[in-house]
Amino acid sequence: GEDVEQSLFLSVREGDSSVINCTYTDSSSTYLYWYKQEPGAGLQLLTYIFSNMDMKQDQRLTVLLNKKDKHLSLRIADTQTGDSAIYFCAERYNNNDMRFGAGTRLTVKP
Amino acid sequence: SQTIHQWPATLVQPVGSPLSLECTVEGTSNPNLYWYRQAAGRGLQLLFYSVGIGQISSEVPQNLSASRPQDRQFILSSKKLLLSDSGFYLCAWSVAGARTDTQYFGPGTRLTVL
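Respectively, the protein sequence lines represent chains A and B. Read in this note's numbering, the first sequence has 164 at position 97, and its numbers run on one by one without any break. Read in this note's numbering, the second sequence has 89 at position 82, and its numbers run on one by one without any break.
If you are wondering where the hints come from, they were derived from the structure by calculation, not from laboratory data. Fair warning: this is a prediction, and the values are worked out from it, not measured in the lab. One thing to keep in mind: the hints can contain errors.
[Said to hold, decoys possible] Quick list of in silico lysine to aspartate or glutamate cross-link-like pairs, DMTMM-like style, CA-CA up to 25 Å: (1) B/K87 - B/E66; (2) A/K103 - B/E33; (3) A/K134 - A/D93; (4) A/K103 - B/D92; (5) A/K137 - B/D92; (6) A/K176 - A/E105; (7) A/K134 - A/E81; (8) A/K137 - A/E72; (9) A/K135 - A/E105.
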């Protein structure tokens with residue numbers, strides 16, 4: 068299909084790990100992105116991964132990429148209440164074209 | 008460092024009224040510029056992008072138009088707003104020709120059409 072798919076909601080307890088999953092559409096996508104959107108704000112780039120990589124780690128964030136299955140995941144270790152936000156997965160599939168998922172709303176409970 | 012500004016932050020307009028949303032980028036030259044709309048519960052929809060002054064590409068047919076009168080200024084307009092134009096509008100920029108072409112987003116404008 069033409070949609071980048073993500074689960075709409077995820078709820079975790081503070082201190083646990085969060086895993087947000089995404090399925091993208093174009094096997095020739097060059098870069099895959101994770102953006103964070105806090106209430107009423109624009110999108111903040113969290114991290115990105117080039118399509119020839121399997122994994123990228125940046126402090127509490129770990130991105131895993133399975134090109135065969137076109138599956139991307141974002142793991143947040145030791146999730147904090149400040150991590151509560153909407154997380155968008157996105158793929159770059161042409162020079163300037165990007166396709167975004169609908170976003171996963173992460174709720175962190177104390 | 009580069010920054011991107013959008014205004015207004017929120018806007019409430021009646022149906023049939025005109026619209027002008029502005030986006031400006033500082034700290035870079037000749038950026039690629041983008042307008043997205045985010046509808047509730049949905050992903051971002053690319054509306055327009057621009058690779059230079061006066062160069063606008065439209066992704067979807069709609070009631071809106073875009074203009075780029077200056078290198079770092081991108082304007083989203085409408086002559087007559089529809090109810091369906093309500094949403095959260097995001098402007099973004101990326102470095103022209105850069106390898107990653109990562110897009111950086113502004114704070115957004117929430118438009119409510121009544």
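25 Å Cα cutoff - pair B/K87, B/E66:
Given that 25 Å is the threshold and the Cα spacing comes to 20 Å, the pair holds.
Quick one, are A/K135 and A/E105 close enough, alpha carbons at most 25 Å?
Since the Cα atoms of A/K135 and A/E105 sit roughly 32 Å apart, the hinted pair is violated (cutoff 25 Å).
Checking one constraint from the list: CA of A/K103 to CA of B/E33, max 25 Å. Satisfied?
Holds. A/K103 to B/E33 sits at ~22 Å (cutoff 25 Å).
Given the hint that A/K103 pairs with B/D92, does the C-alpha gap stay at or below 25 Å?
holds (24 Å)
Take a quick look at whether A/K134 and A/E81 sit within 25 Å of each other, Cα to Cα.
violated (31 Å)
Restraint status (C-alpha distance of A/K134 to A/D93 at most 25 Å):
holds (10 Å)
Is it true that the CA of A/K176 sits at most 25 Å from the CA of A/E105?
holds (16 Å)
Does the alpha-carbon distance linking A/K137 and A/E72 stay inside the 25 Å limit?
holds (11 Å)
Given the hint that A/K137 pairs with B/D92, does the C-alpha gap stay at or below 25 Å?
violated (33 Å)
When each numbered hint is compared with the structure, violations occur for hints 5, 7, 9.
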